[in-house]
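For the record, the sequence lines run as chains L and W.
Residue numbering for the first sequence follows our numbering, starting at 14 and increasing by one per position.
Residue numbering for the second sequence follows our numbering, starting at 14 and increasing by one per position.
Just so you know, these hints were derived from the structure itself, not from any lab.
Misleading hints may appear alongside valid ones.
Interface residues of chain L toward chain W, partial, derived using beta-carbon atoms under 7 Å [stated by the list, open to error]: (1) G55; (2) L56; (3) L58.
Using 20 Å as the maximum straight-line C-alpha spacing, the simulated SDA-like pairs for lysine to any residue come out as follows [unchecked claim]: (4) W:K16 <-> L:T80; (5) W:K55 <-> L:S35; (6) L:K125 <-> W:S53; (7) W:K115 <-> L:G53; (8) L:K125 <-> L:R22; (9) W:K55 <-> L:T52; (10) W:K55 <-> L:A16.
Since we're looking at a predicted model, the values are computed, not measured.
The C-beta atom is built at its ideal place from N, Cα and C for all residues, glycine as well.
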Amino acid sequence: EAAVTQSPRNKVTVTGGNVTLSCRQTNSHNYMYWYRQDTGHGLRLIHYSYGAGNLQIGDVPDGYKATRTTQEDFFLLLELASPSQTSLYFCASSDVWGVTNTGQLYFGEGSKLTVL
Amino acid sequence: QQKVQQSPESLTVSEGAMASLNCTFSDRSSDNFRWYRQHSGKGLEVLVSIFSDGEKEEGSFTAHLNRASLHVFLHIREPQPSDSALYLCAVNTGYQNFYFGKGTSLTVIP
Chain L
14 EAAVTQSPRN
24 KVTVTGGNVT
34 LSCRQTNSHN
44 YMYWYRQDTG
54 HGLRLIHYSY
64 GAGNLQIGDV
74 PDGYKATRTT
84 QEDFFLLLEL
94 ASPSQTSLYF
104 CASSDVWGVT
114 NTGQLYFGEG
124 SKLTVL
Chain W
14 QQKVQQSPES
24 LTVSEGAMAS
34 LNCTFSDRSS
44 DNFRWYRQHS
54 GKGLEVLVSI
64 FSDGEKEEGS
74 FTAHLNRASL
84 HVFLHIREPQ
94 PSDSALYLCA
104 VNTGYQNFYF
114 GKGTSLTVIP
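Okay, chain W solo, but in the shape it has when bound (with noise of 0.2 Å):
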């Protein structure tokens, strides 16, 4: 079964400051990667989608995939107080069910 870990648990950056959140996964096979985003009290809403090792952009955030390591990071550029909330990393591989992370707690102080 497919092990994905995220770190760190939680994180605090001030605002304008990159926040750089790291998830590793265990199947090298994988071939799906998301990254969510949790406000308190909320649903869960996508924010990149990631298929190939590189970057992908969607405004401020940017996954990159590495699958060699094991990695995809989520780069936040000049969060803001309202970017606060868990942040979850999802992986599939191939048409199976895909799994979370526990999650990062990110916190952006003014």
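Only chain L is shown next, with the shape it has when bound in the complex (with noise of 0.2 Å):
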């Protein structure tokens, strides 16, 4: 079963500050993708991508920025964070692109973000 570890679980940041959310997958998957959770709003897609050093924008991208690094790690940024960005935050990765009739998204367990 596929593999997705989130760091870190927790984090609290003030306005303006800088984070970091990691994630990896441990399966080989070429796709990962960074979601947000907020009430009212379900899960919304910020960044994906479909390889390392590849970048894809995707429903809710402004104020993040996102790298691949390698096919198994994918950074989530927030370099000036603002209190709309408190948020649960979760990676996913799959081995094609989306929901397919093949394809499967794995989630993480999430990383909840709070900033002051």
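Using the supplied hints, reconstruct the complex from the two chains, each of which is provided in its own coordinate frame.
Here's what the structure looks like:
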């Protein structure tokens, strides 16, 4: 079974702070995703990548950067954190893009970020 | 952009009683539907995937898709207190991003 590990699991920072959320998957999946989950909005896609060095923009990218350094590692960067970015962040991976008849998304357990 | 809505927002059922959750979507050409479960503080686990009209059963979970009416349902047979969680519907159209509903919070009372 695919393993997706996120760190840190909890993070508190102040407005204007610099935050990096890390994600590692160990199943050699090509695709990795960052989502945020907010009450009243469900899960929304921030950025995704289909391989090392690749980055694609999702539906809510403003205020976020991301880097895919290796096939295993995908990072989400908040360089000037704002209270509106307080959220639960999920990383996911899959061997095909999105949800298809053959592909499957595997989620990490989430990183809770609080921006004061 | 795809719109996915779930109802009810919260549902309480007694242990052993059928639980029925509803998901509506806006794009009739959608062809991939997933139901996920999220226990508090945990990630998402897929329960059942369905790609054509009709029913798909996975253990105690049955998805029922009717694209003409833009609905996909999840029925949970004989739910247990351990099934108390947030249930999320995800919808995809072809090779595009897939969209999640906001979820239904299910509580199963012993």
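Now for the hints, and whether the structure bears them out:
Contact between G55 (chain L) and chain W, as hinted, is supported at the beta carbon level, the nearest pair being about 4 Å apart and thus within 7 Å. The beta carbon of L56 (chain L) comes within 4 Å of a beta carbon in chain W, closer than 7 Å, and the hint placing it at the interface holds. Given the 7 Å rule on beta carbons, the hint for L58 (chain L) holds: about 5 Å separates it from the nearest Cβ of chain W. With a C-alpha separation of about 29 Å, the suggested pair K16 (chain W) and T80 (chain L) falls outside the 20 Å cut-off, and the hint is violated.
Our distance criterion of 20 Å between C-alpha atoms is met by K55 (chain W) and S35 (chain L), whose separation comes to about 17 Å. Restraint check for K125 (chain L) and S53 (chain W): the C-alpha separation of about 12 Å stays at or below 20 Å, so the hint holds. In summary, the hint linking K115 (chain W) to G53 (chain L) is supported, as the alpha carbons are separated by about 6 Å, within the 20 Å threshold. In summary, the hint linking K125 (chain L) to R22 (chain L) is supported, as the alpha carbons are separated by about 6 Å, within the 20 Å threshold.
Taken as a hint, the K55 (chain W) and T52 (chain L) pair is honoured in the structure, with Cα atoms around 15 Å apart against an allowance of 20 Å. Among the hinted pairs, K55 (chain W) with A16 (chain L) is consistent with the structure: their alpha-carbon atoms are about 14 Å apart, no more than 20 Å.
In this structure, the one hint that does not hold is number 4.
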